[in-house]
Amino acid sequence: MSLLDYLVLFGTMVGIAVYGIWRTRGARSLSTYFKGDRTTRWATIGISVMATQASAITFLSTPGQGYESGLGFVQNYFGMPLALIIVAAVFLPLYRRLDVYTAYEFLGRRFDGKTRLLGAALFLLQRGLAAGITIYAPAIVLSTVFGWRLDLTIVLSGLLVIIYTVMGGSQAVTLTQKYQLALIFGGMVTAFIVLLVRLPAGFTLTDAFTVAGGFKKLEAVDFSLDVNRRYTFWSGLLGGLFLSLSYFGTDQSQVQRYLHGASLRESRLGLMFNAVCKIPMQFFILLLGALVFVFYQFEQPPVFFNEVAWKSQADQAAGARLRALAADFAAVHAEKQQSIHVWLDARHAGDPQAASAARAAAIAAQARSEAIRTETKKVLHAADPRTSTNDSDYVFITFVLAQLPHGVIGLLVAAIFAAALSSKASELNALGATTTIDFYRHVVRREASDAHYVTASKWFTAFWGLVALAFALFAHLVENLIQAVNILGSVFYGVVLGLFLVAFFLRRVGGTAVFWAALSAQVLVFGLYFTLNISYLWYNFIGCAACVLFSLILQVVLRSREAAGSVSAST
Amino acid sequence: MNPPHPPDPPVTPVDDTATGLPGLHSWRWVYLFVLGCFVVWVVLMVVFERLFT
Numbered sequence: 099m100s101l102l103d104y105l106v107l108f109g110t111m112v113g114i115a116v117y118g119i120w121r122t123r124g125a126r127s128l129s130t131y132f133k134g135d136r137t138t139r140w141a142t143i144g145i146s147v148m149a150t151q152a153s154a155i156t157f158l159s160t161p162g163q164g165y166e167s168g169l170g171f172v173q174n175y176f177g178m179p180l181a182l183i184i185v186a187a188v189f190l191p192l193y194r195r196l197d198v199y200t201a202y203e204f205l206g207r208r209f210d211g212k213t214r215l216l217g218a219a220l221f222l223l224q225r226g227l228a229a230g231i232t233i234y235a236p237a238i239v240l241s242t243v244f245g246w247r248l249d250l251t252i253v254l255s256g257l258l259v260i261i262y263t264v265m266g267g268s269q270a271v272t273l274t275q276k277y278q279l280a281l282i283f284g285g286m287v288t289a290f291i292v293l294l295v296r297l298p299a300g301f302t303l304t305d306a307f308t309v310a311g312g313f314k315k316l317e318a319v320d321f322s323l324d325v326n327r328r329y330t331f332w333s334g335l336l337g338g339l340f341l342s343l344s345y346f347g348t349d350q351s352q353v354q355r356y357l358h359g360a361s362l363r364e365s366r367l368g369l370m371f372n373a374v375c376k377i378p379m380q381f382f383i384l385l386l387g388a389l390v391f392v393f394y395q396f397e398q399p400p401v402f403f404n405e406v407a408w409k410s411q412a413d414q415a416a417g418a419r420l421r422a423l424a425a426d427f428a429a430v431h432a433e434k435q436q437s438i439h440v441w442l443d444a445r446h447a448g449d450p451q452a453a454s455a456a457r458a459a460a461i462a463a464q465a466r467s468e469a470i471r472t473e474t475k476k477v478l479h480a481a482d483p484r485t486s487t488n489d490s491d492y493v494f495i496t497f498v499l500a501q502l503p504h505g506v507i508g509l510l511v512a513a514i515f516a517a518a519l520s521s522k523a524s525e526l527n528a529l530g531a532t533t534t535i536d537f538y539r540h541v542v543r544r545e546a547s548d549a550h551y552v553t554a555s556k557w558f559t560a561f562w563g564l565v566a567l568a569f570a571l572f573a574h575l576v577e578n579l580i581q582a583v584n585i586l587g588s589v590f591y592g593v594v595l596g597l598f599l600v601a602f603f604l605r606r607v608g609g610t611a612v613f614w615a616a617l618s619a620q621v622l623v624f625g626l627y628f629t630l631n632i633s634y635l636w637y638n639f640i641g642c643a644a645c646v647l648f649s650l651i652l653q654v655v656l657r658s659r660e661a662a663g664s665v666s667a668s669t
Numbered sequence: 052m053n054p055p056h057p058p059d060p061p062v063t064p065v066d067d068t069a070t071g072l073p074g075l076h077s078w079r080w081v082y083l084f085v086l087g088c089f090v091v092w093v094v095l096m097v098v099f100e101r102l103f104t
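Those protein sequences? They're chains L and U, same order as listed.
In terms of the working numbering, the first sequence opens at residue 99 and continues consecutively.
In terms of the working numbering, the second sequence opens at residue 52 and continues consecutively.
So here's chain U without its partners, still in its complex pose (with noise of 0.2 Å):
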């Protein structure tokens, strides 16, 4: 049986972790601000249905 490891060390170093997106300083909020625009698209699709079914 093969011991189980962890990962390699870094082989380079990460890069850059700033988004550089106006109003949104941390990848936190660029992840927070996918979320939002998917529930705007499911409210939106609910809505439209709505209207014409």
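Isolated chain L (complex conformation) (with noise of 0.2 Å):
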């Protein structure tokens, strides 16, 4: 990274940050400081949503996947048109007529208070651990971009974002959320032209495209019924329409962005933005890191991509294995390489039986080559064990630093963060405003005023954020870090849906059933998960169908016992 780098870096960083306090200083109302004023438009609330979503993970982890797996992962946003769809018809009415602050105050007036607390405690539970993982994200940045130790990184970054979310406020996150998605697109479409103008001379688009397809990266949609497999369209469209259907109707990061809107018309056009160019997005960032894959055919990379960890044991007693692995790595990629030029030049001349063989050729070449990368990460990990053998989350920023000119290093960098403080900042804001709303209001402290909510949120908001801190020490022990967020949210949505679609669609269930149902549920998609092995999507339709199933007969139940205490008083 160069000065202009920085200058870039920092600017934006302390920029938004500034911005975000400038917006907010000044007393406000509790309705102000958790709604704000009501006056945002459609396309700020679909922004807003979408910033929402898109953290920085998002830009880290998504082309580290197109990279490593294709392009299957754009299958779990299969659900979310019509989720968002049912959101807007059916729970943005609700939640507008009530006038609610939080998603979990619709359950209380629906059902009782226990039901609420509940659902809130589902949601601060889930989300604390998610908001973990989203601060390592950005950690890993800067530990690849300064060779900072990773832990020291997460406790400083994650300082960082704690201060500007508990000084800014919901109003002022929806607004500064405008410019940092500006800045993630441009930032993305800025890579996405670099990619294609490093490329070899004389290869076309559809020579990269060919090139990814050959190698299995393309693969976008997936029709098979096959329940082991992870992405699917079917587990996408099912598994995904509950997932996104319990994220934007009952995750309180999510409706306290749609709440804002000025009318019921706003909101539900800024959800209906998102249901159209949520696709697209993912898509073109998954294509991105297909693109990196191909451009790594032509431009040797890294046999580990986590280059601080295999620099950290190169000088260490496995560092002449660790050297040998690196130059049969590069041995293999040349072979590689020269098959690919071989493949594309038969092809371009019409001869597809030498295209057929060469591609063979690289394919084989490409399996050594994994393999080679395999035996580095056992050797990485025989010697030191803290060392995570996933290396796709830094796939992406080693691109961005190894070959994009400076300037646009410091945009994409800068991008990355303000990806990762809109969505902390809308994290942590419900967070702080469920605990407030939901608990400390509702059963600590009924009677106070504006301004004394508005400085207990400020405080649970900074609670949370070392909560997030905290577990975000231990999120390198997690495979995939964007994965590793939806599984979270897979064993915890279903059953808060579970919950939401009994209080709309099922009106004879009382607060009693569907409480335990719930728990029921709860403790059922826990001993699933660690008994079966399917894919985590399906845990969001289990909990949710278990928890209507269960509420159901012990509405039931209750009944007949109600019934039948009321005969015997009787007699």
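Just so you know, the hints here were simulated from the structure itself, not pulled from any lab data.
Just to be clear, a hint being listed does not mean it is correct.
[Unchecked claim] For each label pair, taking beta carbons as the anchor points, the in silico distance ranges come out as:
(1) L:P483 - U:L72: 55 to 63 Å
(2) L:A661 - U:L72: 47 to 55 Å
(3) U:S77 - L:D443: 53 to 61 Å
(4) L:T487 - U:L72: 45 to 53 Å
(5) L:V112 - U:G74: 38 to 46 Å
(6) U:G71 - L:F382: 26 to 34 Å
(7) U:L83 - L:D548: 37 to 45 Å
(8) L:D249 - U:L72: 46 to 54 Å
(9) L:F603 - U:G74: 28 to 36 Å
(10) U:L75 - L:V188: 18 to 26 Å
The structure presented is a predicted model; accordingly, all values stated were derived computationally and were not measured.
By construction, the Cβ of each residue, glycine as well, lies at the ideal position given by its N, Cα and C atoms.
Can you join these two chains into the complex? Each is in its own frame, and there are hints to help.
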């Protein structure tokens, strides 16, 4: 990083923080602090909802997924358009009519206090842990860029985010997200253009897609019914529907974003904007990863993308073995590069047999490359068991730092931080709001001034920031960051969604039945998660279905016991 | 056991229901448009995949 990069990076970070603090200065009412001044238009809401979901993980981890596994991850979002339609048509009008601060306040009005607390507690648990993972993501950037210790980087960057979030309110979060998302899109498009420019001379975009397709990096849609496959059209459609319905309909970090709307229309259109744009956006980011893979077929990639970890062991006892593996990797890479050139030349010359043979040779070389990478990971792990063998989250940032011109590097690192700040601010703001409204104001102190609750919310926000920070210190043990967030969501979201679906559609079910049903369903999901090996998206469906089914059964049992009790009392 | 009860009556009336979008005058049409976009995205991705795999 040059001085110019640092100027762009720190200028943007400080600018966003100062802007947020400046816009939220002065005393505010509880309503303004949590819901803004209700003048926000649909474009701002749409951007805010998108920026909340698109964290730094989206920028770091998703291209890594595209590089490693291709475009299949996009199927995860297939349920989102339908889910957003349901939220816009059913959830949103009720939230606005009841004028609630949090989604769980609605549960309290529909059922009772304990069900409200259960919904809020499940949200706090899930989101508090997920927030830790999203603090971890930008820390990877810093540790790679500066060569700092990862744990130290987590603490420093986490504290910076906490200070910004505590100082800023919900309205400032929404306002700053507009500029942050512009920065993110600007960074992604710039990276895409630079990728195309840096491909070898005479190498067209069609050639790049041919190479990516040849290595099976462009397989986006899988109609297989195999439940053991992690991403399929059906798991994405059904599991993704439930995951998205839970996330957008019941997760306070999102609900708080669209409650800002000037009217029902503005909030609805903001959600529909996301329903249309999210899938192509994710596809584009994954494609970026697949093109980084193509780029590294012509440029020597590191044998292990977490170069800080590799270098730290290269000077130790395992150094000789690691260097030998790196030399083997370079030799196989040169062989593979030669095969790809032969493959493309044969293809251009209209010789399918030669193209097919060269392609097979390139794929075989790729398999050998992967075997060497796997061996390198084993050696690194054996040398230091604390070293994570997952390096896919380092792929994109390695590309950015090694290949992009100065100034653009600063822009992209700033975009990653903008993404981190935007989603983190929403999450911590929602955690603070839920703790204040659903626990503190509802249980601890019912009558106090707005200023008191705003102050309390700031303290709770800081508390959750510190919890997330503590969890972030262990996030390096997780295989892939974005998957970890989705797995966490899937384990909890299904049951929370079940609570809301019962509230909306099963008018005869009461608070006690749904409360115990939700607890039982959550225990069931935990049990299945630790015993079954199925795509985690299915837990959204299982948790939700179990909660709804158990609620119906328990309601029947409780009603029959109540009827029996009243009959015996009357006799 | 707490008896079930319906949601509280509306605090404020439901605000505007018009979409204000040209050609999509009801929310039903907006939702159909969104679902149509989804189908188009999936078809385009399948075609893209088949072209290069």
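Discussion item. Holds or violated: the 18 to 26 Å window for the beta-carbon distance between L75 (chain U) and V188 (chain L)?
Written reply: holds, 19 Å
Worksheet item: So the hint says 28 to 36 Å: do the beta-carbon atoms of F603 (chain L) and G74 (chain U) match that?
Response: For F603 (chain L) and G74 (chain U) the Cβ distance comes to about 32 Å; the hint holds.
Worksheet item: Do the Cβ positions of P483 (chain L) and L72 (chain U) conform to the proposed distance bound of 55 to 63 Å?
Response: Since P483 (chain L) and L72 (chain U) have Cβ atoms about 57 Å apart, the given range 55 to 63 Å holds.
Item to complete: Starting from the range 26 to 34 Å, see whether the pair G71 (chain U) and F382 (chain L) falls in it by beta-carbon distance.
Response: holds, 29 Å
Item to complete: With 46 to 54 Å as the target window, see if D249 (chain L) and L72 (chain U) comply at their CB atoms.
Response: Holds, at about 50 Å.
Worksheet item: Do the beta carbons of V112 (chain L) and G74 (chain U) sit within 38 to 46 Å of each other?
Response: holds, 45 Å
Item to complete: Starting from the hint 45 to 53 Å, judge whether the C-beta atoms of T487 (chain L) and L72 (chain U) obey it.
Response: holds, 50 Å
Fill in: Outcome for the supplied range 47 to 55 Å, where the beta carbon pair is A661 (chain L) and L72 (chain U)
holds, 51 Å
Practice prompt. Could you say whether the range 53 to 61 Å given as a hint is met by the Cβ separation of S77 (chain U) and D443 (chain L)?
Written response: For D443 (chain L) against S77 (chain U), whose Cβ atoms are near 57 Å apart, the range 53 to 61 Å holds.
Worksheet entry | Outcome of range test on Cβ distance (L83 (chain U), D548 (chain L); 37 to 45 Å) | Taking Cβ atoms as reference, L83 (chain U) and D548 (chain L) lie about 43 Å apart, which means the hint holds.
This entry satisfies every hint, going by the numbered hints stated previously.
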